[in-house]
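*Asks:* Residues per chain are reported as follows:
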Amino acid sequence: MGVDVLVAGGGPAGLAAAISSARSGARTLLVERHGALGGMGTAALVHSFCGLYELAGDSGPQWANPGFASEFATRLIAGGGSAGPQRMGRVWVLPHQPAACAWLADEMVGAAGNLEMLLHSEIIAVSPDLTAVELVTRGVRRRVAARSVVDASGDGEILGLAGAAFDQAPPEHLQRPAFIFGLQGVEESAWQDDERLKIAARIARAVAGGGLPAGALGASLRGTGRGGEVYVTIDLTGPSDYDPTRAADLTALEVEGRSLAWSLAEFFRTSTPGFSTSTISVFPARVGIRESRRVVGRYRLETADVEKGAQFPDAVARATWPMELRESNRGPRLRFPLHGQPADIPLRSLRARDHKTLFVAGRCLSCSHEAQASVRVMGTCLATGEAAGLAAALQATGRGGEASDVLSERARIRRS
Amino acid sequence: MCSPPIPDLASLEERILAAIRERILEVPAGFNAGSDLYAAGLDSMALMQLVLLLEEGFGVVVPDSDICRANFQSVRQLAHLVRERLTLVA
Ligand SMILES: Cc1cc2nc3c(=O)[nH]c(=O)nc-3n(C[C@H](O)[C@H](O)[C@H](O)COP(=O)(O)OP(=O)(O)OC[C@H]3O[C@@H](n4cnc5c(N)ncnc54)[C@H](O)[C@@H]3O)c2cc1C
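Note that the protein sequences, when read in sequence, are chains A and B. Quick note: the first sequence uses my numbering, first residue 4, plus one each step. Quick note: the second sequence uses my numbering, first residue 20, plus one each step.
No lab work stands behind these hints, which were simulated from the structure alone. As the structure is a prediction and not an experimental result, all values here were calculated from the model. It cannot be assumed that every hint is accurate.
Quick list of in silico lysine to aspartate or glutamate cross-link-like pairs, DMTMM-like style, CA-CA up to 25 Å [what the hints assert, rightly or not]: (1) A/Lys359 to A/Glu137; (2) A/Lys201 to B/Asp83; (3) A/Lys359 to B/Asp55; (4) A/Lys201 to B/Glu41; (5) A/Lys359 to A/Glu405; (6) A/Lys311 to A/Glu57; (7) A/Lys311 to B/Asp55.
Beyond 10 Å from chain A on every Cβ pair, some chain B residues (computed) [unchecked claim]: (8) Pro26; (9) Arg40; (10) Pro47; (11) Gly49; (12) Ser54; (13) Asp62; (14) Ala65; (15) Gln68; (16) Val70; (17) Gln96; (18) His99.
Just so it is clear, CB atoms sit at the ideal spot from N, CA and C, and this is done for glycine as well.
Work out the full structure, taking the sequences as your base and the hints as a guide.
*Replies:* Encoded structure:
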């Protein structure tokens with residue numbers, strides 16, 4: 004089997020890349036390890052899209068990346084998967100139902116011609132020149148030839164398999180992983196306004212008094228407004244030599260996350276007003292990873308670029324989310340651009356330095372550790388995925404592949 | 020035995036600012052006693068860790084009824100809260 008474009012991973016970046024590539028006319032294969040698309044936005048229960056909108060101003064929410072990102076968000080709302088954007092201080096976010104992300108991605112994949120999606124399939128090997136990729140499903144291997152490859156695996160897995168150059172922040176700086184779970188049966192008034200602070204105070208006191216493990220201090224709550232449902236996000240510390248690509252570390256994080264979730268759920272039920280009938284409704288399919296490998300690309304988007312709102316001649320997307328640093332489990336530190344100006348993401352940051360046919364999108368694109376804290380958000384991943392998918396498609400089918408070609412192809416698809 | 024003198028607001032603010040810098044979070048440039056703690060990135064849990072530090076450091080207890088956003092808006096507000104509790108204890 005041979006395709007023009009093979010997309011590795013069906014998270015926000017990969018689903019945008021695959022659908023955009025197929026719409027552009029390239030024969031496209033999307034390969035995803037899990038049974039559903041959406042990446043962290045489905046499997047890890049991340050439940051809001053950041054980076055879809057410009058920084059908040061006097062008018063309402065404005066699209067940061069009109070194109071696939073705005074189309075996906077609009078359809079998510081229309082399909083009942085989101086109640087619409089919410090303003091939080093200087094930013095707008097779009098809270099969503101993780102299940103809706105998976106459903107909508109299926110719909111859009113189904114409607115795009117030229118696109119085959121293989122779920123429950125994992126890429127386990129690549130040829131040295133990246134012209135072929137090997138997948139495995141339930142003990143059966145399969146080889147696929149591809150003219151272009153988009154690494155949208157989040158963890159830069161193609162980079163790892165191909166021996167391509169990448170960076171990874173030292174363990175103490177990597178953004179913390181997190182375990183998100185759902186509770187149901189919570190009284191609506193129980194987590195609102197000052198009650199949330201009081202819950203935090205109870206957790207902190209219980210930790211200080213030995214009634215809860217210290218890891219519970221990483222917890223924060225967000226109600227969804229849907230029938231007494233609350234998501235609890237527990238930022239985890241991980242081992243001192245934390246490496247999100249190491250099996251033992253991922254295993255330990257899953258176990259620790261579930262253990263903390265179980266203790267917290269019991270604590271809420273027995274000692275928090277409004278939670279007496281609450282129960283765990285859902286565990287994530289996997290622990291949430293915010294940062295791991297970043298490709299060494301043709302241009303590295305620097306911290307100063309995001310701070311200053313840099314502009315590039317080969318811009319294909321824009322990063323409007325502040326740098327959200329989560330290097331400890333004590334909540335985020337937000338660093339806003341100095342002049343409120345969003346940064347361009349150049350196409351060179353979506354291309355591997357050493358492999359002509361390898362494109363990279365999403366949270367593993369070419370950038371500094373701090374810049375990744377801005378571009379990793381899912382709204383921006385949709386936009387970098389779209390751009391990488393179009394560039395890969397255009398190159399694979401001999402129709403150029405420069406930034407200007409990507410922009411005109413994007414405009415053509417939007418008109419049709 | 021007489022209790023130690025109650026520190027004035029300015030020195031309380033200094034000590035709380037130092038506790039935040041050292042134990043809670045790297046604060047942005049220009050951050051001072053009047054700055055908004057939420058805007059600086061302290062979420063509910065970070066705020067509560069701070070409350071525990073204050074309780075330990077100053078030997079006061081902040082009752083549940085005083086735990087509300089308004090009391091945690093800034094270091095200045097926190098200093099007031101601590102001083103009020105200290106006055107009650109003395
Ligand atoms: C706890 C947490 C909270 C967050 N909160 C927010 C938030 O509120 N708002 C926001 O916008 N962002 C948030 N983020 C960030 C955001 O979720 C991620 O950065 C984003 O999902 C990255 O998208 P991606 O497509 O690059 O990768 P991922 O979402 O990681 O998706 C990668 C996909 O590739 C698949 N894959 C990987 N390797 C292979 C392989 N070899 N073969 C087959 N399939 C493979 C994976 O199974 C996965 O589905 C959060 C992240 C975490 C962890």
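*Asks:* Tell me the numbers of any earlier hints that the structure contravenes, in ascending order.
*Replies:* Per hint list: 3, 10, 13, 14, 15 and 16 violated.
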